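Enquirer: Each chain is listed here by its residues.
2 protein chains.
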Amino acid sequence: MTAINTEQIKKLRELTGAGVLDAKRTLEEFNGDFDKALAILKEKGMKAAEKKAERVAKQGLIETYVHGGGKLGVMVEVNCETDFVAALAEFRELVHNIALQIAATKPEYVSVEDIAPAVIEEKKKMFTEAALAEGKPAHIVEKIVNGKLEAYYKEACLLRQPFIRDDQQTIQDLIQATIAKVGENIVVKRFVRYELGA
Amino acid sequence: MTAINTEQIKKLRELTGAGVLDAKRTLEEFNGDFDKALAILKEKGMKAAEKKAERVAKQGLIETYVHGGGKLGVMVEVNCETDFVAALAEFRELVHNIALQIAATKPEYVSVEDIAPAVIEEKKKMFTEAALAEGKPAHIVEKIVNGKLEAYYKEACLLRQPFIRDDQQTIQDLIQATIAKVGENIVVKRFVRYELGA
Chain A
16 MTAINTEQIK
26 KLRELTGAGV
36 LDAKRTLEEF
46 NGDFDKALAI
56 LKEKGMKAAE
66 KKAERVAKQG
76 LIETYVHGGG
86 KLGVMVEVNC
96 ETDFVAALAE
106 FRELVHNIAL
116 QIAATKPEYV
126 SVEDIAPAVI
136 EEKKKMFTEA
146 ALAEGKPAHI
156 VEKIVNGKLE
166 AYYKEACLLR
176 QPFIRDDQQT
186 IQDLIQATIA
196 KVGENIVVKR
206 FVRYELGA
Chain B
16 MTAINTEQIK
26 KLRELTGAGV
36 LDAKRTLEEF
46 NGDFDKALAI
56 LKEKGMKAAE
66 KKAERVAKQG
76 LIETYVHGGG
86 KLGVMVEVNC
96 ETDFVAALAE
106 FRELVHNIAL
116 QIAATKPEYV
126 SVEDIAPAVI
136 EEKKKMFTEA
146 ALAEGKPAHI
156 VEKIVNGKLE
166 AYYKEACLLR
176 QPFIRDDQQT
186 IQDLIQATIA
196 KVGENIVVKR
206 FVRYELGA
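Taken in sequence, the protein lines are chains A and B. Quick note on numbering: the first sequence equals residues 16 to 213 in my numbering. Quick note on numbering: the second sequence equals residues 16 to 213 in my numbering.
Just chain A, same shape as in the assembly:
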């Protein structure tokens, strides 16, 4: 039996969201080979997520936007509760605006919740070290770090971004406004953005 490293288990959980036992058993199955265990847990996690997704909102719209004659492309899925709302002009306009936003601003995530905890920890560490290196007093470092973290979220997370066509609104505001108009929950489920040769 290979001795399983607790650091490996922790890392696997961060990367896949697997339980402690599941991560440990998979590592043991592959004699401590981290990359193999990671690939298997990811595949399992993907299947579990697919099952859960069936229970939530199933209606909505998949929209694409291609720019520059095929040099840039965006695809986004936005869910609502009924076919009826999916066909409304207000909903379609929202989805189109979100596609344009993604093309223009290159977000990495839908929401802050989609950032892996390890990534946030890494950012915090980086911002803290930078603040200390600049000689900031310890009692205001936390405040500085939180400010930089918020700025990072505003750039990386679609829902936190200011809307390109009206920077007084965030995309979250835009969605909430549409929810109020159509009377149904609306969720940006996922998006992807390709740049040619990038």
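Please note that the accuracy of each hint is not assured.
If chains are identical, the list can't say which one is meant, so a pair holds when it fits in one copy or spans any two.
[As the list claims (entries may be wrong)] Straight-line distance between alpha carbons at most 25 angstroms, and here's what the computed SDA-like set of lysine to any residue pairs gives:
{"no.": "1", "residue 1": "Lys59", "residue 2": "Lys163"}
{"no.": "2", "residue 1": "Lys121", "residue 2": "Glu210"}
{"no.": "3", "residue 1": "Lys26", "residue 2": "Lys86"}
{"no.": "4", "residue 1": "Lys140", "residue 2": "Gly47"}
{"no.": "5", "residue 1": "Lys163", "residue 2": "Phe45"}
{"no.": "6", "residue 1": "Lys139", "residue 2": "Glu96"}
{"no.": "7", "residue 1": "Lys57", "residue 2": "Thr185"}
{"no.": "8", "residue 1": "Lys57", "residue 2": "Val127"}
{"no.": "9", "residue 1": "Lys59", "residue 2": "Arg28"}
{"no.": "10", "residue 1": "Lys57", "residue 2": "Phe142"}
{"no.": "11", "residue 1": "Lys25", "residue 2": "Ile159"}
{"no.": "12", "residue 1": "Lys57", "residue 2": "Ile19"}
{"no.": "13", "residue 1": "Lys204", "residue 2": "Thr79"}
{"no.": "14", "residue 1": "Lys25", "residue 2": "Gly83"}
{"no.": "15", "residue 1": "Lys59", "residue 2": "Lys140"}
It should be emphasised that the hints constitute simulated quantities derived from the structure, not laboratory data. Quick caveat: nothing in here was measured; it's all calculated off a predicted structure.
On the provided structure of chain A, position chain B as indicated by the hints.
Expert: Leaving out everything else, chain B in the frame of chain A:
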């Protein structure tokens, strides 16, 4: 001398991208046996494509295809070497056909090389256990496992799939025929496929 059917020449050219003379001579060489001529021309095309495969392909096209009024979406990036080829009808038709293929057949990977080794090992293990459980003799288990693995690749990998509009060709064949026509390396870089609520 066998009379060579112009329909056969046309079909061979479509399937392999070979020139008229090349298609005609190969058919004559095999006394009009279409399948043999096809196999030889495919092999020739493969070798020519391999030579081009090392060339950098950074131009091309990002194409999207949306079906069912927003219920299914596909985005694909296909690279070629120059802007000039990216604008050719032959290249654009290829990219469009690939997008339709992905929409229809739901591949998981571009090529076999994109499957994580751990996933292939897991499949092998599963197929082996199934064959042994069925009481297959040990000396043919490997053969059965390889057969099942090939079947899995044909389903999961875009390049191995039979083309939906002509199942005599794989997508790889279709790409090679286009490479022969346009004279540049062509690579499917990445794709993504969304199904509403899935």
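Enquirer: Now tell me, hint by hint, if it's right for this structure.
Expert: The hints, checked one at a time:
no. : hint             : verdict
1   : Lys59 to Lys163  : between (28 angstroms within a copy, 21 angstroms between copies)
2   : Lys121 to Glu210 : both (10 angstroms within a copy, 22 angstroms between copies)
3   : Lys26 to Lys86   : neither (35 angstroms within a copy, 33 angstroms between copies)
4   : Lys140 to Gly47  : between (28 angstroms within a copy, 18 angstroms between copies)
5   : Lys163 to Phe45  : between (33 angstroms within a copy, 23 angstroms between copies)
6   : Lys139 to Glu96  : neither (37 angstroms within a copy, 41 angstroms between copies)
7   : Lys57 to Thr185  : within (11 angstroms within a copy, 29 angstroms between copies)
8   : Lys57 to Val127  : both (20 angstroms within a copy, 18 angstroms between copies)
9   : Lys59 to Arg28   : within (13 angstroms within a copy, 44 angstroms between copies)
10  : Lys57 to Phe142  : between (30 angstroms within a copy, 21 angstroms between copies)
11  : Lys25 to Ile159  : neither (28 angstroms within a copy, 38 angstroms between copies)
12  : Lys57 to Ile19   : within (19 angstroms within a copy, 50 angstroms between copies)
13  : Lys204 to Thr79  : both (14 angstroms within a copy, 18 angstroms between copies)
14  : Lys25 to Gly83   : neither (34 angstroms within a copy, 35 angstroms between copies)
15  : Lys59 to Lys140  : between (31 angstroms within a copy, 16 angstroms between copies)
Checked against the numbered hints listed earlier, the structure breaks hints 3, 6, 11 and 14; every other hint is satisfied.
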